[in-house]
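Enquirer: As you go down the protein sequences, you meet chains Y and E in turn. Residue numbers for the first sequence follow the working numbering, so the first one is 1 and each next one is one higher. Residue numbers for the second sequence follow the working numbering, so the first one is 689 and each next one is one higher.
No lab work stands behind these hints, which were simulated from the structure alone. Check before you lean on any hint, since a few could be wrong.
[Claimed, not checked] Capping the alpha-carbon separation at 16 Å, the derived lysine to aspartate or glutamate pairs in EDC-like fashion look like this:
hint: 1; chain 1: E; residue 1: Lys925; chain 2: Y; residue 2: Asp688
hint: 2; chain 1: Y; residue 1: Lys52; chain 2: E; residue 2: Glu937
hint: 3; chain 1: Y; residue 1: Lys579; chain 2: Y; residue 2: Glu626
hint: 4; chain 1: Y; residue 1: Lys277; chain 2: Y; residue 2: Glu386
hint: 5; chain 1: Y; residue 1: Lys266; chain 2: Y; residue 2: Asp326
hint: 6; chain 1: E; residue 1: Lys925; chain 2: Y; residue 2: Asp473
hint: 7; chain 1: Y; residue 1: Lys579; chain 2: Y; residue 2: Asp688
hint: 8; chain 1: Y; residue 1: Lys223; chain 2: Y; residue 2: Asp174
hint: 9; chain 1: Y; residue 1: Lys223; chain 2: Y; residue 2: Glu268
As the structure is a prediction and not an experimental result, all values here were calculated from the model.
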Amino acid sequence: MSNRILLLRLAPLLTLGLTAPSLQAKESPHLSEQDFLTEIPEITSATRLSQKLTEAPASISIIDRSTIAASGAQNIPDLLRLVPGFQSFHVSANKFATTYHGASDDFPRRLEVMVDGRSVYLPLLATVDWTSLGINLQEIERIEVVRGSNVPTQGANAFMGSINIITRPPALLDGGYISATGASMNTRNLQFGHAGQVSGWNYRLSGAHEENDGSDLLDDAMKRNYLRISGSYTPTLTETLWLQAGVDRGYTYVGQADKLDEPFHKREHDANHQSIKYQYLYSDSGTLQLRADHHYLDLQLPSAGFAAVQAVLNEVVGAVPDAAVDEFIALNAPRLDSEHGTTHTTDTELQLTDRIGTLGLVGGLGYRYESAESDVLLQSGQVSEERWRLFSHLDWAFAARWSLNSGVMYEESSEGSDALSYRHALIFRPDGRSSIRLGYSISERLPSLLERYGNNTVYAPSGLFGPAPVAYDMNTVAAPELDPEKIETHELGYYRAFADHQGYIDLRLFHERITRAIGSYYLPAADLADGRVAQNANRFGWENQGVELQLKQPLTRLLTAVLNYTYTNTRTDTWIHNKDLAGGTMTFQDAITPEHTASIMFNWAPTPLLNLSLMHYYMDRVDWFEGGLREGYQRTDLRAARRWPLGGGRELETAMTIQNAFGPGHEAFYRYNLFDRRVWLQLTLRHD
Amino acid sequence: MIDPGRGVALRVSRLARIRLRGRRWLLCALALWLLPLGARAGEALVVLSDFSPSYNELLAAVREHATHPIRVVTLDRLKPDDSGTAVILAVGTRACERMLERYLPQSKLICTFLPASTFTQLERKLLPRGSHAAVSAIFIDQPLARQVRLARLISPAATTLGTALGSNSLALRTALEQAARAEAFELSLVELEQQDNPMQRLAPLVQGSDLFLVVPDSAVFNRAISRWVLYLSLRHKVPVIGFSASYTEAGAVASVHSSAAQIGRQSAEWLDRLQTGGDLPRASHPRYFEVSVNPLAAQTLGLDPPSAQWLRQKLARTEAEG
């Protein structure tokens, strides 16, 4: 059945959310029991409806502030080690990545990452750049992670799951903090935050200077400064306006640590974002929300200088005259690495949420404009794409303990493709604290700008292979006809909150089949130096099945344990990339995904002022695309923090975190990127 | 002498009696045949506003605790003659409103799981003035005195109790003032209107209070202010006393509330009482209730409140004593 026919059949579902206000316009003149049963907004990432975890159609992990602090994590991907099914890795000392169910290179491209609902996915690189987000960990209120495809709610980028980083609301607290972190890698971080009110607005201002020298083996230092402001204003009882803006500038040295002599190069970044959100409670149960945001990133790598180009040419084609080197530079504008270019994402969205009897509804319409420009990755010039999306979600409590949750997302791209994704979950709640969920979904992921239009050709100067310049090596050619990737998921979930909501168990059995996955396929090109050219194609696929477990259990009133475990069995189709132009295949040594991933955290507060924690992480062997086969590793982190009340609403906190405390160092993603013992000392002064 | 006309009349009369008796037998047989479909003697009718998780939870509790049979219908399946059932339990505001509209004097009607103020309004609107209708109710809301007493137990040294009222809760002002006086609180109160900036109105109120009491109003009022009240509570380190488990989960230090199952249990007890010939109790707040405490919120505000169980028992004991 084509997407369009399916869409017609699902049209009533899509429009339900949009017609809700007219159905609900008449208000009851007096109080009803619903006024007493009003839910205070909880998680919204799974369906956009405010839900309890027992009502959600997907498995969701919440990383709250206390977990963030206790973990001693120094960056956001490190926190995701505490989420079942996720694998986080350091590509180098200052470049991080996270993926769900493995199957990734150093640019994981199948997860949507949002900050307060604003997508920070970069069409230029088809991934997220964690080093230019402009938020420090102390600004995060919680992180909501949807495990498993969440395209029906968040769109194409949420192919394998979604991460929503929710920052501290400006109205939450007055006062601020200043925090200094140092020790390993000659780290010199200074972070600050301040919240207050001015002219009826609640605002929150935060920023940081962060700098380190990188690891001992690699020249992978970084330095950045960022500033962020968010504000909220409530003109009336039923209206709220939020504004956010930020800027993040600095540099990170990037490179591939698969060889010891491979140099790293300084990649400068200049990022900024702006966001506005308006919310109106138009009835007892209805909410209208309008949102618009813009995200910009400019990455600059230095041009390869004369000497570097000459050295490469000498190595590849033998000695060449200086004039040919100059002409080569003029023809190719070579850069020292590929992470270079500019990208914009502008997104607007209208969303309506309501409840009619036993039916919770949300529906909306969104428009996204993406553009990217890079003389390395997109040599044909600037590319852009417009995407429209129409979405709806229903949560129908059709019987005493049963509910049906259905969501659908239709996306249409200006580049000639569309995608239809849907998810249905049947939920049984034997009591108010637990649920058993049977879910089925099919999601489609529209190709990113980079996947569709990435092209890179090396031109040889005149006189080298003929009287005129010729295309010497076409590394990649554009693939405008790419189809959406597809994932089909079956899952069985169980969630139970323990008494007083102090602990829970979350179990997920899953089977997911990914088809039409996009990857490079080599085509013959007789006139090129190596006789071949790579082009993205929908030729690949794999299946995952396994189980995820998250268990939080208070062991005593002062000691809490959190256990995460994932078993994933992956079966890959034969991946024929044709690199040798004779049907060559890729092998993953049966480890495209780590078979076992586990983490455990113990957090103990022996006194109200002392907090101690121990984290242990395990990841099985995995064959990263690009990074290569890495053996399994264990890592233990320790953290101790002591608060010192200073009076007058001020307090000082000292904290020491030792990562990989008991060694030995392990290879992280690349062979020569060693994650050895690291010590962080942090001093924080807070005031009300 | 025999009057032939009288004989004919007698025959006709006997025939008529036979026919009448036959009709009665037929009616009895028909009634017996229809018995499984219609109301059986001693069977109470439970009318649900619709199916929702809360109504279903209440219904399950009624089924569990009632010792007499019940028949359940939702409003959309209600038949005209259902109103004549001897004992009726209307669950939720809409069911109560419909059954009051169709009230028949031979019935005893219990409205349950609806706000006290709503029941009073509906009764006043739909029943004739001075009517002696056998109508009563079990409210969803707690008596204000219970909520204020909980505030006192959470913070024994507090002096100022802050609260905000909207258009639907303004009528509670007097009762609230009395309850606050009884617990030696000084009441600090603002009345919020639709066009008010909630942060500007609530911030000084919360800042000047030792405790903040959230009183149920319309859902839009509750949704609008809940977020801001909880933020301000954290900012000014002022504990919030809520009215639902949801409030406690979201950040109130404690709340007192009755679950649908608890109100269902009380409803079943009232049904049994009526079905065994007992009197209809007076409309009242829930007899069974629970207290929820958010230890994390309490810890954040530097409080160490007693356990939820202790608080519930203490409130129940105080009410029993006085």
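Enquirer: Does each hint hold? Answer for all of them.
Expert: For each hint, the structure was consulted:
no.	hint	result
1	E:Lys925 <-> Y:Asp688	holds (10 Å)
2	Y:Lys52 <-> E:Glu937	holds (10 Å)
3	Y:Lys579 <-> Y:Glu626	holds (15 Å)
4	Y:Lys277 <-> Y:Glu386	violated (21 Å)
5	Y:Lys266 <-> Y:Asp326	violated (23 Å)
6	E:Lys925 <-> Y:Asp473	violated (66 Å)
7	Y:Lys579 <-> Y:Asp688	violated (61 Å)
8	Y:Lys223 <-> Y:Asp174	violated (29 Å)
9	Y:Lys223 <-> Y:Glu268	holds (9 Å)
Of the hints listed earlier, those the structure fails to meet are numbers 4, 5, 6, 7 and 8, in rising order.
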